[in-house]
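Protein chains: 2
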Amino acid sequence: MHYIKGVGMTKFDIENRNSMDFAEDAIMLALDDSGLNIDDLDAVVVANSDNAFNPERQRHFNSFLSSFFRRRMPIIRTPAVCGGGGVALWTALRLNYNNMLILGTDRLLTAPSELVTDQILEAADRIYEQSEGMIFPAQNALVAQQHFMRYGSNSDDLALIALKNHENAFLNPKAMFYGKKVSLEKIKSSPVVASPLRLFDCSITVNGAAACVISKDKTNIKISGSGLAVDYMATFERDDMVTWTAIKNAADAAYKQANLKPKDIDLAEIHDAFTIVELVSYEDLGFAEKGHGQELIRDGTVKLDGKLPVNTSGGL
Amino acid sequence: MHYIKGVGMTKFDIENRNSMDFAEDAIMLALDDSGLNIDDLDAVVVANSDNAFNPERQRHFNSFLSSFFRRRMPIIRTPAVCGGGGVALWTALRLNYNNMLILGTDRLLTAPSELVTDQILEAADRIYEQSEGMIFPAQNALVAQQHFMRYGSNSDDLALIALKNHENAFLNPKAMFYGKKVSLEKIKSSPVVASPLRLFDCSITVNGAAACVISKDKTNIKISGSGLAVDYMATFERDDMVTWTAIKNAADAAYKQANLKPKDIDLAEIHDAFTIVELVSYEDLGFAEKGHGQELIRDGTVKLDGKLPVNTSGGL
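Sequence lines, in order, name chains X and V.
The first sequence lines up with residues 1 to 316 when you count with our numbering.
The second sequence lines up with residues 1 to 316 when you count with our numbering.
Derived DSS-like pairs (lysine-lysine); straight-line CA-CA distance at most 27 Å:
1. X/Lys216 with V/Lys256
2. V/Lys216 with V/Lys261
3. V/Lys216 with X/Lys256
Note that these hints are calculated values from the structure, not bench results.
With the hints as extra help, turn the sequences into a complete structure.
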């Protein structure tokens, strides 16, 4: 059984520093928070994306961290694109050392948007998706269209999700939109990226790092369950356009391990590359029946003062 | 406790196919050898390098494999440059599922040599090594020079290691040098790459894949021990120019777990990017005292018919 002993995070922003500088800040904050020092760590698991995005030309991040720590403990890398942080935590739990550091760091803003889009698209199927220009806003626009058509959700629901997340970011000094007011009108009148998704339905790219120290020492934050699932590559391979089976399977594994049901959950931080991803995730995580995700944003359940706040730190 | 249940390997060669084709061949051979089929697998750990080398534009290999298997089991990636295969095995053992597949696949020959050299150099320190042109043949040439100076080894010892490995490759249908005679004269008169290293002291780049099925089912190949260690990034950070602390530490952990001593080892397959790496590894693995590695190749100990054959499959 492991517990969260400390956490650390940089501001997620446009600041242009070396990846290692971001990582260092997050690591030191997490260590300070944990009351441990570098010598207490038994292993490190890192999830950064392949560093094609930035000009640092430093591929072997494992050894790079060993140099930084001046420690020769086991350090492994588990890149998994958007799921990297979760995969690193899941893997660390199974490595089962006493004190471990989990680190996520990325720097997406150094390269021009065209290059970032091109590189991220490499996470889509090469033959049927990349060659058809099925970039992720386009893929998720199709999901949104299907959800609207089948279940009666609409663009206003997505706008409410964007508004909620920006309102949460407004309060979070680590978020890029900290202290920046975004109105519902601004969201609804923002440029269309891939219909029905507008600019504010799509996450921004930022630079930043987050770290977490987990330990077998008991603290008041127990890690009750953790699940990992992998799904097929291409959008067209999904069983259902508006269900991510990997989310369902990973959540089911975590619920089972924790002996909890979706209704027991008080707060959730979930991937929201696009507003529609958050909406579909409400359903795949079991917070709403399939086709009813939009009710949770309409009735305020997932807002900061609701029964089940989602993405309290901002997101998008 | 895990056992090796099956292994599979493609020919390592200049054949230019998709990474997935290589992976598929190795996977199917390993599964056939194990008597298991895809549905019996509980998890997969993959070590491929970041695919900057090839034009496949397929970054998210985890999902790619999920599509291939038509299975949604946990699949994680643990890239670690030259140590990737070992890291994947070490990690899989700790994930502790019943039946797991470990896969290594890479395709280095698609890109021009200049690009491969440039990309591999990203595994060296960015500020002090990359900018000084300290490519790996140059780094290892310095190690060879130090070993020669301090311990009386010489270029002839390295040539004997190259000859041994090519003689072993001559017998191995999976090796690029299968059936290709390489004489000692040819090795000794090959072009100097970085003095004292000649062409035959340096490994070639190839395309290929290898896979292994491990299982809790008892077979006659028990995995008795496995160690992982990470060392600092840069050559100049080493405690000793001619010792790889990571090799010593990983080997010590594996020996301890297996309750074996170096003298108990009957056969070794070790990383030999350069002949001098193999020579230094004899020492770091405890097969010879520091400074005496060359004696093992001089007296034939590490040859195929010696007391401790090393890199029987070819290497280099």
